[in-house]
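Listed below are the residues making up each chain.
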Amino acid sequence: MNAVMAIIRRDLLLAMRRKSEVLTALFFFIIVVSLFPLGIGPETALLRKIAPGILWVAALLATMLGLARLFAPDHADGTLEQMVLAPAPLGLLVTGKIIAHWITTGLPLVLLAPVLGIQFDLDTGALGILVVALLLGTPLLSLIGAIGAALTLGLRGGGVLLSLLVLPLYVPALIFGAGAVEAHISGLGAGGHLSLLAALLALAVFFAPWATTAALRIALE
Amino acid sequence: MLTATALSCVRGERRLFAGLDLAVGPGEWLHVQGENGAGKTSLLRILAGLSPAAEGEVFWQGEPIKVLAEGYRRQLLFLGHHGAVKEELTPLENLTLAAQLDGTALEEMAALKALARFGLRGREDLNVRFLSAGQKRRVLLARLAVRKATLWILDEPFTALDVKAVEMLSGLIVEHVTNGGIAILTSHQAIPLPNGKVLKVGT
Chain A
1 MNAVMAIIRR
11 DLLLAMRRKS
21 EVLTALFFFI
31 IVVSLFPLGI
41 GPETALLRKI
51 APGILWVAAL
61 LATMLGLARL
71 FAPDHADGTL
81 EQMVLAPAPL
91 GLLVTGKIIA
101 HWITTGLPLV
111 LLAPVLGIQF
121 DLDTGALGIL
131 VVALLLGTPL
141 LSLIGAIGAA
151 LTLGLRGGGV
161 LLSLLVLPLY
171 VPALIFGAGA
181 VEAHISGLGA
191 GGHLSLLAAL
201 LALAVFFAPW
211 ATTAALRIAL
221 E
Chain G
1 MLTATALSCV
11 RGERRLFAGL
21 DLAVGPGEWL
31 HVQGENGAGK
41 TSLLRILAGL
51 SPAAEGEVFW
61 QGEPIKVLAE
71 GYRRQLLFLG
81 HHGAVKEELT
91 PLENLTLAAQ
101 LDGTALEEMA
111 ALKALARFGL
121 RGREDLNVRF
131 LSAGQKRRVL
141 LARLAVRKAT
151 LWILDEPFTA
161 LDVKAVEMLS
171 GLIVEHVTNG
181 GIAILTSHQA
191 IPLPNGKVLK
201 VGT
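Residue numbers (our numbering), protein chains in the order written: chain A, 1 to 221; chain G, 1 to 203.
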């Protein structure tokens, strides 16, 4: 457990020292989301309708931005080898890295979303559902993204391949995440969507670190 | 005791070596020699358990390392070509985080002492990015002084080190070996250390 905490602490420390990487994704999210109300104009009914989809698509793309750098620096400087050779199981250490990735990219998106949602005239209830959906969905994005990042590790032009590999896998998160907010707005209740999102998250927590570890071992051979 | 029987290694289409046997016991060190591309690094990676051998098996205390897994990794310290040193962190942070990753708590005093031993006094809180290549290697070698491992596998440990650092590292290896440790290393230079065995790869 100590080793996992060490990995999380190290990655957070590194993120603090390389602020630009974290801030780029964050500003990307803010700007992309803000462009839509400016482009469409003050049609509140339309804005309210498209808000969940836009916020979620922007969150997906913002997560994608930093994904290629999840394992690449560790691979390049030999840290990954040391992680494989550490006494703690690689799966645990990888989980630590994924948690750190979520804290630096997913969590800021969750915290910013309600502020950005106001631009789309969403009411308090809808904003609350949006936050809950993102809270369940962004860890899912980090977990699935880690598999893709590990699979494309060390490949030339891996960035584009990573998008092609990971974005289709993000579709369920997008459908249920954006669907939750839409269902709430239309009065159907978001419970069903949120439950499915939580189920996907539980599945990914179990499966993704294992798959990522297997992919990393192949990349290192 | 580290033994290996009938190891062979295939890289791409090329067979680097085949039928390679070795045995290194406590208090001994092994100097792996060979031309560039002979398969020295590949051999060390196989011995460390990082890549599988095409044929053959590696044993630690008579048990295959694949079976021992964690038990073997606890005894092993592997330093590869790459630094495994983070440029954005300070030498002190690098050292303490590496120790935590190994599952051992390292007190700040012990870490500072190890860094001072390798001539990094006064640079503990400077980002590694601002250090020279040789100093980066020294940060890495300070790990040898703090990590308690029986088996050291070092790939080109003398690269980029100056005369004084080479002496310090040699001293560290002698100390480790006389205390019953095992060291396996590659180097193109002759290493004047006692109790050494030589293994030529790719001939």
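The hints are simulated quantities; they were obtained by calculation from the structure and are not laboratory data.
Be careful, since some hints might not be right.
[Stated by the list, open to error] On the chain A side, residues computed to face chain G include the following (Cβ under 10 angstroms): (1) 6; (2) 24; (3) 48; (4) 49; (5) 93; (6) 121; (7) 123.
Backbone N, C-alpha and C fix where the C-beta goes; we use that ideal spot for every residue, glycine too.
Hints and how they fare:
1. Against a cut-off of 10 angstroms between C-beta atoms, the interface hint on residue 6/A holds, since the closest Cβ of chain G lies about 3 angstroms away.
2. Restraint check, residue 24/A versus chain G: the minimum CB separation of about 16 angstroms is more than 10 angstroms; hint violated.
3. The beta carbon of residue 48/A is not positioned within 10 angstroms of any beta carbon in chain G (closest approach about 43 angstroms), and the interface hint is therefore violated.
4. Evaluation of the residue 49/A hint against chain G yields a violated restraint, the C-beta minimum of about 44 angstroms exceeding 10 angstroms.
5. Restraint check, residue 93/A versus chain G: the minimum CB separation of about 8 angstroms is within 10 angstroms; hint holds.
6. The closest approach between the C-beta of residue 121/A and any C-beta of chain G is roughly 42 angstroms, which is over the 10 angstroms cut-off, so the hint fails.
7. Interface hint status for residue 123/A: violated, as the beta-carbon distance to the closest one in chain G is roughly 43 angstroms, over 10 angstroms.
Figure legend: structure checked against the earlier numbered hints; hints not met, in rising order: 2, 3, 4, 6 and 7.
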